Structure formats: C-alpha cells, structure tokens
Amino acid sequence: MGNKKIGFEVLLFLAVFTIATCGLVYELVAGTLASYLLGDSVKQFSFIIGVYLFSMGVGSYFSKFINRNLLNTFVDIEILVGLIGGLSSVILFVLFESVYYFQFILYLLVFITGCLVGLEIPLLMNILKDRVTFKDLVSNVFTFDYIGALLASILFPLVLVPKLGIMKTSLFFGMINVSIAIVLCFMLKKDLKNPGLLKAKAIFSFLLLLIVFVFSESILSYSEGKLYGENIIYTHTTSYQRIVLTHNKNDYRLYLNNNLQFSSKDEYRYHEALVHPVMSMANKVDNVLVLGGGDGLAVREILKYDEVNHVTLVDLDEGMTELFKTNTVLSDFNKHSLTNSKVTVINSDAYIWLKECKQKFDVVIIDFPDPSNYSLGKLYSLNFYKTLNKVLTDDAITVIQTTSPFFAPKSFWCINKTAAQVFPVTDAYHVYVPSFGEWGYTIAARSLSTPLGSAKRRVQGLRFYDYDYSRLNDFPKDMRVNDIEINRLDNQILVRYFDEEWGRL
Amino acid sequence: MKNGEDYSSSRRTFLKSLGALAVGAAFIQSCAKKIKSIALRLTGTSHILGHRLWAKDFPNATKQLSVPVLIVGGGITGLSAARQLCRRGFNDFLLVELEDHTGGNSSNGENAYSKYPLGAHYLPLPNFHDKELISFLEEENIITGYDNAGYPVFDEEQLTFSPQERLFYKNTWQEGLIPRYGTSEKTIAEFDRFFKLMEGFKSQKGNDGKYSFDLPIENGSLDTKNEELDAVTMQQWLTDNGFTTEEVFEYVDYCCRDDFGLGIKYVSAWAGIHYFAARKHNGGEANKEGVLTWPEGNARLASHLKKYALNKTLVNHIVFEVIPVDDKVVVKAFDAQAKQTIDIIANKVIMATPQFVNGYIFKERKPLVKAFNYAPWLLATLTLSDLPDDFGQPLSWDNVIYKGEGVGYIYDQHQSLKQVHQKKVITYYHVFSCKDIVAKRKEIYGKRKEYWKEFVLNDIKKAHPGIEDFTEDITIHILGHGMISPVPGFIFGEARKQASSVIENKIFFAHSDLSGISVFEEAFHQGINAANKLINETALD
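So the protein lines, in turn, are chains A and B. Heads up, the final residue of the first sequence is numbered 505 in the numbering used here, and it's a clean run with no missing numbers. Heads up, the final residue of the second sequence is numbered 1541 in the numbering used here, and it's a clean run with no missing numbers.
Derived by calculation from the structure, the hints in this document are not laboratory data. There are no misleading hints in this set.
Result set (EDC-like, lysine to aspartate or glutamate): computed pairs, CA atoms no more than 16 Å apart in a straight line: (1) K1462(B) x E1405(B); (2) K1332(B) x E1321(B); (3) K386(A) x E1157(B); (4) K1462(B) x D1390(B); (5) K1461(B) x E1405(B); (6) K1424(B) x E1110(B); (7) K1056(B) x D1335(B); (8) K1418(B) x D349(A); (9) K386(A) x D1155(B); (10) K1339(B) x D1100(B); (11) K477(A) x E438(A); (12) K358(A) x D394(A); (13) K355(A) x E1157(B); (14) K1423(B) x D1473(B); (15) K386(A) x E1156(B); (16) K1418(B) x D317(A); (17) K355(A) x E1156(B); (18) K1418(B) x E356(A); (19) K1288(B) x D1147(B); (20) K189(A) x E9(A); (21) K355(A) x D1155(B).
If you want the ones that stay clear, here's a sample from chain A, every Cβ over 12 Å from chain B, calculated: (22) I154; (23) V183; (24) P424; (25) A455.
Since we're looking at a predicted model, the values are computed, not measured. Beta carbons: idealized from backbone N, C-alpha and C, even for Gly.
So here's chain B without its partners, still in its complex pose (with noise of 0.2 Å):
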C-alpha cells in the first residue's frame, strides 16, 4: 500500500543498494556452486521430411479425393486464403501441411509458465488505408471500436505494455532501441538526420499517386523513381548519404537484420527503407506508436484464421507433385503418419509454398529459386529462475543488446496480467548474416543442441552475467529457411513476378517471398489476392 511520509530518497537508495547487494551476493553464491544441468531441447521445421522432396521417393497413390479447391500450405498466407474463400462463400476446399500443425512461422509453443512465440511475434500497427487489414482486426475484436474521428480503437490487452523497449548499451539498460544516453552530439544529429529522410520516404508518392513504400509492397507505386535504390545495399546508401557514426549502422543493421535475416550489408537500400517508411502511423493520435503482440505472438493471428480452415485440413500431408491435367489439377500428397500417397484431384490450385519447395515441385522453376534468398533463424526460449539485471530501465517486452550477435529477446509473459511470475520466460532470437546462406544452413545443420546453448548464453551474457545459473530450460527452435531476404535487385527483379505467374488458370501462387518481405501484412494480402484471383477466375470458367 501507501508509502509513507518518511520514505525518505535516501531510505530508498539505500534499500535500493541493499537489494543490489543481496542479487550480488546470490550471484557470488551461485557462481561457487556446480555448474547445474539445463533442460534442453532442439527443435525446428521438419526439414527431414521436407528434404525428401530432394529424392521424391515417395511410394505410389494408394487413395484419391477430390476437391473444388486446394490450398497447399497451412502458413498464414495459405490460411488468409481459406478465410477469404470463405468471406466469399467458397467453403469447399481442402488445405494440406507439411507440418504437424498449420501456422507456418507463426506458431508457437508452451511450456508450464508461459506460451512463447517460434517465428514471428508482433504485429506492427496497420496503415489505416489497409481495410483489409483493419476488418480482420475488428472481426477478432483486436479493435474494439473507433474514436471520435473513425481512427481504430485498439485492445488495450493486445497493445505491447509498457515498457515496450531496451536498450543494452555501454554497460547499462536504457528505453528504447536507440542510444539517447551516453552517446555523442554528432550521433544524435546522425539519428535525427535519418529519421527526417524516412520521413520523406514515408510521404513520397509515385507518379500514379501512390505511395512509394507502402504495405502490402503491391500497393505501392508502381513507378520506377526509386529503382536505383534496389541496386545498392543499405550500408552502402547510409554511407552514400554521409552517415558515419557506429550507433546510427548499428541500429539500422539491426532492423534489418529483424526484418529480413540479413544486415545492411546484405539487403537493398529500397527494402531498408521500406522498413522505416511503410508504415504511416496514419491512424489516429493514439495509434502512433507500439505494436500488436500476443504471449505465444503471431501464433494468435494464425489462430484467428485457423478456424477459417477447421476440419478442412490435412497436416502431415507433403505435397511433391503438381500437375494440370485436362481442367484439372493433380496434386500428389504423401501422408507422412498414415505412409501412403494420395491423389488429390483439384479445379484451383493455391500453391501457399514458398519458392524454394516450389522449385522441387515445378521442375521448371528450378531455376528462378535461385534469385530467391531465404535467412535461417534460430530461436531459443529460456526458463529462467530469476533475471540478473542491473539497476537501469527494468525486463521490457523486446530486449535488445546493442551490438549483440543476436537480436535481443522478447520477455514472453510482458503480456500477462499477472503481478507476480514464478518463473520468467524470455525467447532469444538470432539471425545468421552473412554472405554464403547456403553454407551457412548447412553448417547451422551439422550443430549439435550442447553448442547452441552454449552460443546462446554466451550472447545473453554480455547483458546477463550468471544467467546460465537461473537457466532451467532451453529450447532451441531452427528455422533452416526462416525468411525471405530482400538482396539487391530482387524487390525490381524479374524472379518475383515470373514465380508469380499463374500456371493455365489453376494453379495460383502465394506467399510472402514472392512479395520479398516476410511479415504478416504480406502474407495476408497474398492470400485475399490468390483467394480473390482463383474466384474470379472460377467466375469466367
């Protein structure tokens, strides 16, 4: 209750360094103890199965059914489709999945104190010009309502809580992402600097009156004023525009590196942009700022959409063959559990792979996957008994260490109502940036759980001394192709738009790869598209 009177800053202090001294004498004492076990898992996409489209050696059909429209793969752009199928009274279609669950990189897992995230965990505030976006909101109650000027009311229990964000920089947590403290002038001009140009980004619009940067990417301008922005790398346009200082790089590399599995060095300028200007911020006062997130992250939204595709979905099913045969489609599924191979005989086909399955399942467009880049990630979610800190800004929701091999780590139960958790939850994730990916995942393959966790508490440790003694558990969650990555050229390029192509009217394809950002808007629209595009075509048939 109350504080009295007589809580003098002194007292406070004082009791402050007390506490300071009791968490430093229990580090003292945990760190004379045996290092104690750690509970620890490796997990990740089934890319046994999944590399088993390699050899094909799948056995013959053994069972046939037959379906109006098939979607294939269960990740949120093929469960948009099934929502918008039937938002538009389409309800007989079948969606099949290579895993054991659909949601694709927004699932999530659980264990006894907390659900986390396994991919992607927020959804930023949609552009208010974004209906569609803004509808599914409201149908799940994430808005609750509209203000005064029609500006979205958001769930206040769906809102990131405050503190959002820290900062681990020279020795200390600070709010926020970008250094405010302890840096220079000059770094802080840089910042101001680089937020006035995003800004503009931000506003420019195309010839065609479109906004240059906008989300989904398809909605932008069409015009090819900033083409040549696709050609260079980040790095090379933050230096191109005088940028110098290491914190100004540091911070646009790490939001980069959030967004698309690769740094700056890596990634076109255009895409770079595209982070800091798509989003407008555009609806309303209040809704400047924060993000949507959930404990078990975007795993919500894909369970808002699930029921969409409920007792219409084949899980285990791979597909490996795909075929137009007369004004039909042959789709040959194997059933991982039950073994046996089925032919499903389809009208439509929404193909909601990404292009790297694609390539095995359509031999022709082998070649094309080649342009398309995909990020591995690695999560790795930790139950801790407590959470060495310092004194600075207290556990927020996104936790990052300036300079960190990762991208900092999320606290999963920042969303909880509760006061008090007797164990805390965080999920720490990493990005793999650099040039040759493809060796690289292989790499990350031949890696043995013990070397994980080593590398993932070294990483914490730099923020977290002694945090492998209040580990209890950890789970290590690959993502071999976490993410499409927007290199130079690939936004403008041809690969895009020719593995978008429609295959004789039945066979659509949709994914966020093919609009070469991963984030949910993406995929969404990517779905409502081939959604809308495969009925309409249905329409003219």
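Okay, chain A solo, but in the shape it has when bound (with noise of 0.2 Å):
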C-alpha cells in the first residue's frame, strides 16, 4: 500500500513538472514565432510572458469552481495542454498570411495554454491534500512546477530550436505532454472514472500530434505557398536568385526573391510604359542596349520595331534568362524573344560588362531590380550612369525603371536628379500598374537636341500606350518631393531613402 502511495504522488509530480516544463516551451515557441513573424522581439517576448502568467492567474482563479472528479479534470486538462500547446506553432504558421487577426490567435492561443496550466497546479493540491501534509505538497509542487521551468528555458534555445525547429519542438513537447496522460491513465486508473474514454482521447491526440509532427515539413512549404496567395506551380533556384511562378485562374506571377517581378494581367503596362517613349522618340533604334530585364518581356516590345537591327540584353543571372528561352509557359510571355535572331543574350555583372563595352547603343532600357541593398545601389549610382554614358551615341536616349513615386518619391527623385547630373536632358513619368501601384520611370537623353516627347515611329496593336507622352509626365503633389541627394558610391542615400520609405508600409 506504502508503495502505490508513494507511486501515485511521484506520478503526479512528475505531471506538475512535465506541464511546467511543457507550458514553458509552448510560451517560448510562441514568442520565438511572434517575433519572426511580427518582428520587435522584445515587444513579442514580454507581451507574450505577461500574458502567460496572467492567464495562469485566470486559470488558478478558476480552479475552485472544479469540485468534481478532480482527477479526470487533471488528466483531460493535460491532453488538452498538449494538443493545443502542441498544435499551436503550425496553427500559428499556416494562418499567418492568410488572417488580419493573426495577433489575436496568437494570444489567444497563450491565454488558453496559460489558463489550462494555471489550472493544473490548484487542482493538484486538491487532489493531493487529503494524502500528503500540507507543507511537504505545496514545497513538492513548486519545486517540481520551477525545475520543470528552468528545464525548459535552458533546453529551449540550445537543443530544441537548433535540433528541432519551432514546429517539431512544440509538436514533440505536446506529446511528452499527451504520452505523460496516458501513462496516468493506465497507472491510476483505479483512481479515475470511466478511464477508457480518458485513455481513447488521449492515444487520439497523441497520434494526432505524432500525424503533424511527421508531416511538418509539407506544412512548412504549404505555408510558403500561403505566403504567396497564390498555386505555386514552378521554383528554381539559381545562383542568383529564388524563382517562384504562380498560378492563379488566369493570372501568373512571378517572384524573384520574393518580389513580385510581373503578373501576366497587367505587365503590359509596365513594359510597354518602359519601352515605347523611348523606342518612339530616339532619333535612331538601331542598336539597342537592355540591362537586367531577363525575363525577355521589354525585348518583346523593343522587337514590335522592325528598324530594330541588334537587342542586347544584358543580365546577370544565367538561370533566369535560359528559364525564359527554355520554359514554354514563359516563353509564350516574351514571345521568344531571347531566341529572336537579333537578339544577343550576356550573363554578365552589367557595371562590370559597361565598363569593358567598346560599342556605342541608340537607346538603353535599364530594368534592374530596385535598390534594396547596398549592391544594387551600385546600379544607380552617379558613377554608374557616367560609365552608361560611354557607350551611348550622340543622340541616344535611355530610361530607367524609377521604383515607385508614390510609395517611394525620395527614391524616385533620388534616381532622376542623379541622372540628371550626367545627362543634360531627362523628364520622369509614371504609371499604374495595378499589381504594383503607381509606378515611375526615368528618361533621360544624352543631347539637348534630341527633344523628349514627339514620337518618331509607332507602331500598332500596343494595349496601353497612345504616344501621348504628355499624359505620363504629370506628377500630382503626392508623389513631389524637395531637398533630395544625389546618389553616389560613397554615400548610397537611395539604399537608405528605400528602407526608410519601403520599410515604412
């Protein structure tokens, strides 16, 4: 009898020290997600701590209204501690993306886990006090309740995040959790009402959380494509960049690095804005020069001009420009443009490729990505648009995807006052392209003869332009702005004024 007493109190004190244990891992978990997910990870941190043990306190408050089968409660409450600490992670990484309320569901979640484990310890005593002096249980408890604690924090971020990650460490914990209730099912069950049930639930969750764990990393890169919207229907990694076409009814889009680069309802726009007032208005098309662009999609345009003798494009990554030859899908976007027979393909650094270029062009397309580092930075720089003038005729004229003047007009002006520095003649223009908003565009001509704005040549069929540049050139006082630096290698002010205005949103 002295044996099985002793087994019985040993029992539950190992459960106090398993869901002390537990109930701190999934606090942790949480506050490590809220803080990838959400950012200011002290903000997340003490937020999700507060309200942690304050919902202990609800649940300890709670537990003098539980005077019945004290037992069953105990048990029921730590599958429940278990299933739904274990749970949370992947509840909190698939909706993320896809709920407004995703803070909510995040304490949510802690409130619940804090309450069911401030629960756990009163009804403990109450089970316990008739059995143990009042003394010995309350220091037993505690004692179990805070070395389960520190277990945990020490284990948290030196094993289990590193060995584990999040999701597998807070499905792993629930079922330490889950497995600690069963085994209280199968040894007291003398002591509990209608065990079998309390054992079905159990083994249930236990599986449940062993399905998940399993399969996390399919969740993983389900939520991935959440993150996007979208069906992911390609990726490709290249040296360079991530690669990511989606599908979406009639719409594809495509990501590099997870920047949108094109959604095939609207690039119209935004490629028929890059080319045609320049194409139209340069004194000659013979030669043309398109940096980065290695989707294909401003040569499709560019080859609408039949006097068009050379395209060069210029990119930097191999991967993207050979996926858009190869790709059927992609191809029929830039109608084969990369294969065209006038068409030259360089996968080359196109700073590096300007300054060794011997050839002169009549029009240049540049279409890099925004300045969202201090690499590319590089690309709009007043030096780079002094090397970009070597390789111009006399008469060139060339334009310059500008980022967006409304979200980011700093960066915008920025970009064309630097240009403005080399290039005696430039103008800006804009326009909406509803997957990306505003958007603008720098133009800028090497001679004061060559005027911005007539068109010289046209040509049919375009969806978006009418040669009527004076609609584009208009900026409302939203998207003006004074007192912008020039952007040179030693300063890189446009990298800053792009996280200042980017960061902002």
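Grab the two chains, each in its own frame, and use the hints to assemble them into the complex.
Okay, structure coming up:
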C-alpha cells in the first residue's frame, strides 16, 4: 500500500514537472514565432510572458469552481494542454498571412495554454491535499514546477530550436504532455472514472500530434504557398535568386527572391510604358541595349519595331534567361524574344560589362531590381550613369525603371536627380500597374537636341501606350519631394531613402 | 525588379526571419561537420635576410657600378623621392630595395577572388593646403577635377563606398565606429566633449601662424605651446581632462592602435591628438568625410609612384654599408639572388630606410635607434565561402569589434562594382600594443602558423561565431617592424632631428619614422623633401 501511495504522488509530481516544462516551452515557442513573424522581439516576448502569467492566474482562479472528478479533470487538462500547445506553432504558421487577426489568435492560444497550466497546479494540490501534509505539498509542487521551468528555458534555445526547429519542438512537447496523460490513465485507472474514454482521448491526441510531427515539413512548404496566396506552379533556384512562378485563375505571377517581378494580367502596362516612350522618341533605334530584364518582356516590346537591327540584353543570371528561353509558359509570355535572331543575351554583371564595353547604343533600357541593398544601390549611382554615358551614341536616349513615385518618392526623385547630373535632358513619368501600384521611370537624353515627347515612330497593337507622352509626365503633389541628395557610391543615399520608404509600409 | 505593392512589412519580416532560420540551420549543420582543413600560409617582410645585417657576413664586392644618385629603400618615401627627382629633371638615378618588390608597407597580395593589402590600406582625404599631395592625386586621376569653389572632386570609384564603417557593440553591428545605440547619455556627452576639444586643436595655430597640428608634421607650428602634451600618454591626458567612460577610452585607444601600432597607454598625448586634429577636412563641403581606398590598399598609390623608378630599380639587394669616400659615396649592396656583393659608387644617396636599419649601416647612429619604437603588425587575409553575420548593419568596408584584440577587418572586395562575389575576402589587422615590443617581436617570430590561425579566428569569432567553418584560406602576414610608434618624448625629442641630419651634404635621410608617424602623407613628403634638398645641394656643388 505504501509503495502504491508513493507511486501515485510521484506520478503526479512528474506530471507537474512535465506541465511546467511543456507550458514554458509553448510560451517560448509563441514568443519566438511572434518575433519571427511580426518582428520586435522585445515587445513580443514581453507581451507573451505577460499574457501567459496573467492567464495562469486566471486558470488558478477558476480552479476553485472544479469540485468533482478532480483527477479526471486533471488528466483531461493534461491532454488538452498537450494538444493545444503542441499544435500552436502549426496553427500560427499556417494562419499567418491568411488572417488579419493573427495577433488575436496568437494571444488566444497563449491565453488558453496559460489558463490550462494555471488550473493544473491548484487542482493537483486539491487532489493531494488529503494524502500529503500541506507543507510538503506546497514545497514539492512548486519545486517540480520551477525545476521544469528551468529545464525548459535552458533546453529551448540550446537544443530544441537548433535540433528540431520551432514547429517540431512544440509538437514534440505536445506528445510528451499527452504521453504523461496516457501513463496516468494506465497507472491510475482505479482512481479514475471512466478511464477507457480518457485513454481513447489521450491516444487519439497523441496520434494526431505524431502525424502532424511527421508531416511538418510539408506543412511548412504549404505555408510558403500560403505566403504567396497563390498556387506555386514552378520554383527554381539559380546561383543568384529564387524564382517562383504562381498561377491563380488566368493570372501568372513571377517572384524573384519573393519580390513580385510581374503579373501576366498587367505586365503589358509596365513594359509598354518602359519601352515605347524611348523607342518612339529616339532619333535612331538600330542598336538597343537592355540591362536587367532577363524575363525578355522588354525585348518583346522592342522587337515590335522593325527598324531595330540588334538588341543586346545583359542580365547577371543565366538561370533566369535560360528559363525564359526554354520554359514554354514563360517563353509564351515573351513571345520567344530571347531566342530571336536579332537578340544577343549576355550573362554578365552589367556594371562590369559596361566598363569594358566598346560598342555604342542608340537606346538603352534599364530594368534593374529596386535598390533594396547596397549592392543594387551601385547600379543607380552617379558613377554608374557616367559609365553608361560612355556607351551611348551622341543622340541616344535611355530609360530607367525608377521604383514607385508614390510609395518611395524620395527614392524616385533621387534616381532622377542623379541621372540629371550626367544627362543634359531628363524627365520622369509614371503609370499605374495594378499589381505594383503607381510605378515610375526616368528618361534621359544625351544631347540637348533630342527633344523628349514627340513620337518619331509608332507600332500598332499596343494595349496601353498611345504615344501621348504628355499624359504620363505630370506628377501630382503627393508624388513630389524636395531636398533630395544625389546617389553616389560613397554615400549610397538611395538605399537609405529606399529602406526608409519601403520599410515604413 | 520592382516590389509589388502587397509587399507588406510583416511579410518582409517573415522572409527575413526565414532567412535567419536558414542561416541558423546552415550554421548548425556546419557545426556537425568535422572541422575542415583551412589552407594556411605565413608570410612577412624578409626578416631573415634583414637580420644578416647584424653579422654582415656578406662576400666581398665582385662588381661595381656608378650612378649620380642612389635611393636606398623602395617604400613610399623612396618611390616618392624617385618621382620628385624625375619631376625636377634628375632622371639618372638608381633605387635599391631589400625585398623582391618595391612598395614597402604599401604592398599587396592577390588571390583568385581579390587583391588585398599587405599593409597600409587607405589615404584620408588630403588637407586642402597640402598642394604637393593634391597635385599627385590629380596626376593620377584620383582627383578628377575641381568644383566651382575650387575644391577637388574625387573619383567616386576611389572613395570608400558606403557603408563605410560598422562597430560590433553589445552583440550587434551598428553603423560608424562610435557606439550610438545601447550606450548611456553620459557616454554620448563625453564623446561630444572629446570631439569639441579635438575641433579646438584642429583649428589651433602657433605663434608663427601655422597649424599646431598639421600633416606633414614638419609643416606644423614650430612653437612649443603643445610640448607638454608630448610628455604624457594619451591615456593620462584623457584622465586629466575628466574622461571616464569606457567607450571613449576604447575608441581613442582603437584609433591610436590603428595609426601608431600602440594604444593610449603607450603613445604620447600629442600624437593621439594629432590623429584627430591634423586632418582638417577643409577641402569643401563634399569632402568632409570619407577616405580613398582600393582593394589592394595603398599598393595602388605605390604602383603610381613606381613608374618613376621603372627600369631603375634593383630588388633583392640589401645595402649593408654606406661610406663617404672623397666626393663620392660607396654603397655596398648584397644581391641576394646572384649571391654577390656590388659596390655602387654614387655622388649622392637618399637613405629611405627605417632608422632601425640605419643603426646597422651607420655604426655611429646605433645609439640613436633606441629612441625609435616600432610596433609589430599582423595581417590575416581570409577567403570565406560565406560570412555569417547578424542582421544589424550590413558588411562594411571597415568592420571593428568593440574591445576586440585586433583593430577589425577590412572587406577587400568592398570597392568592387560587382553585384555578387562567389567568395568573400577580408583582411584582419592586429597590433601588439604592449610595453616591451622588442620582446614581443621575438615572441611573434617564434610562433607557428597554426597558432596564428587560432589567434585570428578566435578574435573574429566574437562577432562571427562559426567563422572557421566558412574559412577556406588564411594568409598570415607579419610585419616585425610594422610602424614607428610615437611614444612620449619622441616627437619633440632630439633623436628624430639627429637621425635626420645630412652626412657631408651627400647622404640624405628620409623616412616616415623621422617624422614620428607612419602614414602615407609623411612618407610622401619625406621623399619629396629629401629629393629637393639633394637637388639644391647639387646645384650648390
């Protein structure tokens, strides 16, 4: 009899220990996930710890209303904590991006877990109060509680997150939690009412957690799909970037390193506006250079002019240009422009290539990624435009994609002003591309005798541009700014503007 | 290209954190791997050949040649002297150098991915009144023109690209070398006060109307107003002026170690202040900050100067005796490759050699040398497959670890216009700031390359845990006598003057150690001045 009594207590203390460990792990998981997904780790951790402790208090308070079937309730709670806590990270991962009330769900989960853990301790004390002297009881319960907490807080950053990852950690501890419940069911079946049902519940929960644990990798990739909100039909990682193509109804979207490159629904607006103003204004369009634009969509527009003899496209990423040459969906988009006999594709760093370039071009179309880091910022520097100037014929015109004048007016006018240091004639214009928002370009001519505006040549069949340039270069007040510095290699002010402006969104 | 408008900040953070997870995962994985082998090399100045000066066990001369002017030493001073001789029409000269290349402390190495410095690696923007230096920079298209106000316009590609500097402080990188975040109001106030004091010294002029602190030092005021600053250490001066915060001491110590090879405990306050006060940044609004730099460091400047000594340079020649004979000077040089000694008979000689070498060549100068302290330097160039970093301020040109053992590392490819680098090449700098640098130097030469590998990695690890797993190659370069260190009493002392004195109007001395500060500007002017003096003396003859 004595042995059994000790067994009973030890089991329950073990349960306390597990609950404390698991409870803290769930709290840490929530904190870590919240800081990963929402940023500001100090705030997230602070709020989550606060909510967790508070909800434990709430749980403790409600424990006094539980007077019957104490042991059954205890095991029930144990199962529930394991299930909710264990699945919490999966729920959060999957729901992020698809719900606006993500934070609500986050704190709800923390609150429920906290409440349940808060219920456990007083409940346990009630169960044991007749079997153990009060002094020992309090001391033992809290000892195990705090040891568990210590163990969790040490294991979490050092072993669990590095070895298992966030999702598997919470699932793993959910399983531990539930397995304690299973052990309790078997060991204490005499003390429990209806142990069969409890067993079934516990085993079912355990299996559920186990299945999710096994499939957690694919859940993660599903949540990546959720991140895009569209069906991913193709992914490809080149040496330089991750290319993701998604398909939703009749819209294809291409993402490069998770930034939207184009949407098949409205890319014609962007590319017609990029290409046709310069192509129509230039004195000559014999020899055209495209920098960036490895998707071949700008080249597709250029080739609409029969006068064009040769197009040179310089794009860093061979993986990208090969893909747009060979993939049937993608080469349908660019009308096989990259394999056209007039087109030469060069996979090279544009800056270095320009430095060494001996040719001269009549039109240059620059379609670089936005200046979101210091490497890309170099491609918008004063020195870059000086370098570019050397490959232009005397009356050449160039156009530069210049990010959004609405979201990033400082960045927009910084690029414009920098180009204006080198080119005697510059102008700016913008168009609305639904998938991007307001988007803008800088146009620059090398000679004062090249007037910007009048179309010298036109092609039929454009969907957006009607060769009325004057409708594009008017900027309302909210897209204008003053006091902008020039972007130089030694100040990279553009990257700072860009970060400030896009970071604010 | 473009970022779509639905590029929300939460998504951005999420992606960033996915990146962080990926980096973390890679890190954990790499930890599990066995430590892979790192290619390791140890190089340095030819101290073995140099040490033969002690015994002078060289064979008798078997060859003789005559030349009007001989320059001994092919560092910046010697090369600058060569340039000045050419500019003034003295084209008949010869330059001899102990190493297998000229350039001295402004030399460089190169691997498959980048050039990298083997010594000095940048030139601060010159003072506007330093016309000699400005005209040199203009000759070499480093200055591309002048703005409307007449101030120089520097070539954008040769100015340090942004971001220039970052500091690893309290476990994260922040921009600049002065901690701005995570520090106390008091610290910030002390920094402000410190820089205000330095501004005062910057504009201070002596009774002769010259700047108290100028570059070259020789052009500064000759009055003795600031002599007492040369009697105390920089640390003492900071304490005497009521500075208490660790950050200020650390920062000033870093600056002193970086420019003088010794920290605030050992260099004079005059020198410490000179670091902050001599560069006036008076070349126009656009040139208030920034420095000129190149992947190969100041080897770029050396290569511009080298063309003046083209086909007039003998490398691998160690000069071990210089004797005035009648109206000539006989210079004995050992050709380390042909293993023979030659007598070079010259009318005039410029000794562009450091004084610790001159002490062996000119016996009577041996006692003078004791006053010259040379700090040893260690440079380590690492080729990395990746540079694990936190998500603070991104990799910059100059990366300094707060309270690190070394003085940080330079990202050698920073001045590249390329978007992507397959491998990253960084050069880590270390000085051995201590009381007994002679003993330290001996200790340094006794260590094996494996020791240095651990030594370097352990320091960089403070900011880049796991760096060893990304390191593919380390080249350690040791400079036993890296630079002159201006300890108290040296700048205003007699040794500098005596060591600079001309012998019989025939042997001229020029070296940055004679000015007391080892920077390009000093060496450059030392060379010009020696050449001018020599030409003037020749005209008198």
